[in-house]
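Student: Those protein sequence lines, which keep their order, are chains A and B.
The numbering used here numbers the first residue of the first sequence as 1 and each following residue consecutively.
The numbering used here numbers the first residue of the second sequence as 1001 and each following residue consecutively.
Some hints could be false.
[What the hints assert, rightly or not] The list that follows gives simulated cross-link-like pairs (lysine-lysine, DSS-like), each with its CA atoms no further than 30 Å apart:
no., chain 1, residue 1, chain 2, residue 2
1, B, LYS1223, B, LYS1092
2, B, LYS1223, B, LYS1041
3, B, LYS1223, A, LYS107
4, B, LYS1198, B, LYS1041
5, B, LYS1188, B, LYS1198
6, B, LYS1145, A, LYS107
7, A, LYS283, B, LYS1145
8, B, LYS1313, B, LYS1198
[Stated by the list, open to error] Label-pair distances were calculated between CB atoms; the ranges are:
no., chain 1, residue 1, chain 2, residue 2, range
9, A, MET277, B, GLU1235, 36 to 44 Å
10, B, ALA1360, A, ARG297, 42 to 50 Å
11, B, GLY1173, A, ASN193, 53 to 61 Å
12, B, VAL1033, A, ARG297, 52 to 60 Å
13, B, ARG1237, A, ASN193, 19 to 27 Å
14, B, ALA1230, A, MET277, 43 to 51 Å
15, A, TRP183, B, GLY1173, 50 to 58 Å
16, A, TYR179, B, ALA1230, 35 to 43 Å
17, A, ALA76, B, ALA1334, 43 to 51 Å
18, A, VAL200, B, ALA1334, 34 to 42 Å
19, B, LEU1224, A, ILE293, 29 to 37 Å
20, A, ILE293, B, VAL1033, 49 to 57 Å
21, A, GLY146, B, ALA1334, 50 to 58 Å
22, A, ALA126, B, ALA1360, 44 to 52 Å
None of these hints come from the bench; they were simulated from the model.
Small disclaimer: the values here were computed from a predicted structure and weren't measured.
For every residue, glycine included, the Cβ atom is placed at its ideal position computed from N, Cα and C.
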Amino acid sequence: MFGDYSLGDLGSIFVMQGFAGLILFSVYVLMALGLAIIFGQMGVINMAHGEFMILGAYVTWMTSNLFQAYLPGLFAGYFFLAMILAFVASGALGMLVEWALIRHLYKRPLDTLLATWGLSLMLQQAYRSVFGAREVGVELPQWMLGSLRVTDSIEVPINGVFVMCLTVLITIAVAYVLYMSRWGRQVRAVVQNRIMAGAVGINTEKVDRYTFGLGCGIAGVAGSAFTMIGSTGPTSGQLYIVDTFLVVVFGGAASLLGTIASAFSISQTQSTLEFFMSGSMAKVLTLLAVVGILMLRPQGLFALKVRK
Amino acid sequence: MIINSRFFNRSELMGFIALAAVLFVILPLTLDVFRLNLVAKYLTYAFVALGLVLCWGYGGILSLGQGVFFGLGGYCMAMFLKLEASSVENTKIQSTPGIPDFMDWNQITSLPLFWQPFHSLTFTILAIILVPGLFALIIGTAMFKRRVGGTYFAIITQAVAAILTILIVGQQGYTGGINGMTDLRTLKGWDIRPDHAKIILYFVEVVLLFACIGIAQFIRLTKLGRILVAMREQEDRVRFSGYSVANFKIFAFCMAAVFAAIGGAMFALNVGFMSPSFVGIVPSIEMVIYTAVGGRMSIFGAIWGAILVNFAKTSLSESFPQLWLFGLGALFIAVVLAFPNGLSGLWADYVQPRIDRLFASRKAKPGWNDNSVADGAPAE
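In isolation and in its complexed conformation, chain A is listed as follows:
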């Protein structure tokens, strides 16, 4: 399959496809970060995670429309406000869901899966009723359009670069919150031993609620970033949910570093293969490889050693 290309062409192909893969990687990382917190730390399988992401995307879309209608002068900067709104909206919905649904099911992880699936169906229908069944696209401000020319044969789109920078910043922020802050220590303490954490004075219910809210909020930001590279429909979230779960499981559920590494390898494999064969076969091969590796190494790439 390499026969028709010269060495220089192949290099450019790998760089360009690699970059396309990096954008996919950004979306995976943003989706998976929220899921890694919820699934990896709390053990809750949130099948509605994709719908929280889409909520963020719709919030971004509404913000951009509002700016276009009332504040056209500030349109260039709407995205930053939209991101914050998306975080708040998804996070608030997440905390509501935790209070109404999830907290009754902590001892039954398989049942959270079924209940959140029901939730995702309802949210999808809600989006369809409110925003319509058609996909909506966000208009990007001028400075995000166009692409950077790196060499003669290599071009990278600016919005992709922006999404990637955003991903890096959010990842650093999440790592800081989880591993450096007092609150992050409380989260990890609750995860390791709920009863003992309660005994030393941590309000475990509150920690649970905020952890779930944080995970959903990050999903909202992921949705916000997602609007820059694709259009949003009521069922867009469902397309990514299985991939994202595989990313988290493949990385090793409780490990942030593993999540990033696995998102990177999965997205790179997929986008590089995509150039040489049809998109569907590339995806099949990637997923098969992931499932195959998981059968050999069920604990994922980076597993914490824990006593069971």
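Once you have looked at the hints, place chain B on chain A.
Tutor: Using the frame of chain A, we list chain B on its own:
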């Protein structure tokens, strides 16, 4: 090695008689052929639900990939029917006569090798059982021998469902793509499309369903069934008692796969086509919903669940397409939060005691039945 001396206890016998009466007598007498054919379609999911009772309710293994096995069974059957429908006379307008139409559209000029054996009905029937069975054996062995279970297993089966759907849709020339295999006509020269054939197929299906119920009930009553329950409750204790937990899990998973495949094959026969929309993640989870609503611990409950949820789906989505997804989602949340044992749990809690009291007042001493969760049909 049956532990209970009787195959069905009294409440199960009543459930059995009620189901048999409804499926064999009441529905065929009251419904027209179109509606009866719809019931036949619902019953194909009852096979899947029956498998899930064994695997999920008793074994504690939640598989979100039952659509894979349903699809494999259905596609095996559909391949045989499609080959018969694509005889040289039927397809002489194609550039290559004698191959299925979608292959011709995709510029494939000869029948692929893996299609060849599906000319034989014997091979097809064996394949319907063996292909999904072996596939489940491979997945199950790889997972359970390494003690992967619970949520991880659910996610991986879901990924398998996603992979198979993408593969079927992508390989249009070999599988019919997103449209699936349509225009299935005859089974060994016997036309499956007219009304009388639909009625015969319905009865064949119901007989098969009762055979599967018999097998499931047999498994439940033997020591094997007891070990499955013990494994679900205290896996480590069973392991320390010297049982190979992995092998029992593999067995339950394979049985569920085979049941689902039989359902899939009956689907292809009754409905007359097979497509990837019955393979993927969404249908697989819906199949779990049927079982959960009916009652994951109850063989008859799960079958009623499959029939009733599908009936509700058809009637609601006919009249209020908007409400259906809300209703399904809310139903699911309600079942998980409020009634973990589904309809059969409600029956056992509220209806069964009254019936028992009725019997007790007639007979001086009713026989004590030792089942904690009584199986029974929900009220009609």
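Student: Look at each hint and say if it fits the structure.
Tutor: Structure-based check of each hint:
no. : hint                             : result
1   : B:LYS1223 - B:LYS1092            : violated, 58 Å
2   : B:LYS1223 - B:LYS1041            : violated, 34 Å
3   : B:LYS1223 - A:LYS107             : holds, 29 Å
4   : B:LYS1198 - B:LYS1041            : holds, 11 Å
5   : B:LYS1188 - B:LYS1198            : holds, 16 Å
6   : B:LYS1145 - A:LYS107             : holds, 25 Å
7   : A:LYS283 - B:LYS1145             : holds, 27 Å
8   : B:LYS1313 - B:LYS1198            : holds, 22 Å
9   : A:MET277 - B:GLU1235: 36 to 44 Å : holds, 42 Å
10  : B:ALA1360 - A:ARG297: 42 to 50 Å : violated, 58 Å
11  : B:GLY1173 - A:ASN193: 53 to 61 Å : holds, 56 Å
12  : B:VAL1033 - A:ARG297: 52 to 60 Å : holds, 54 Å
13  : B:ARG1237 - A:ASN193: 19 to 27 Å : holds, 23 Å
14  : B:ALA1230 - A:MET277: 43 to 51 Å : holds, 48 Å
15  : A:TRP183 - B:GLY1173: 50 to 58 Å : holds, 55 Å
16  : A:TYR179 - B:ALA1230: 35 to 43 Å : holds, 41 Å
17  : A:ALA76 - B:ALA1334: 43 to 51 Å  : holds, 47 Å
18  : A:VAL200 - B:ALA1334: 34 to 42 Å : holds, 37 Å
19  : B:LEU1224 - A:ILE293: 29 to 37 Å : holds, 33 Å
20  : A:ILE293 - B:VAL1033: 49 to 57 Å : holds, 51 Å
21  : A:GLY146 - B:ALA1334: 50 to 58 Å : holds, 51 Å
22  : A:ALA126 - B:ALA1360: 44 to 52 Å : holds, 50 Å
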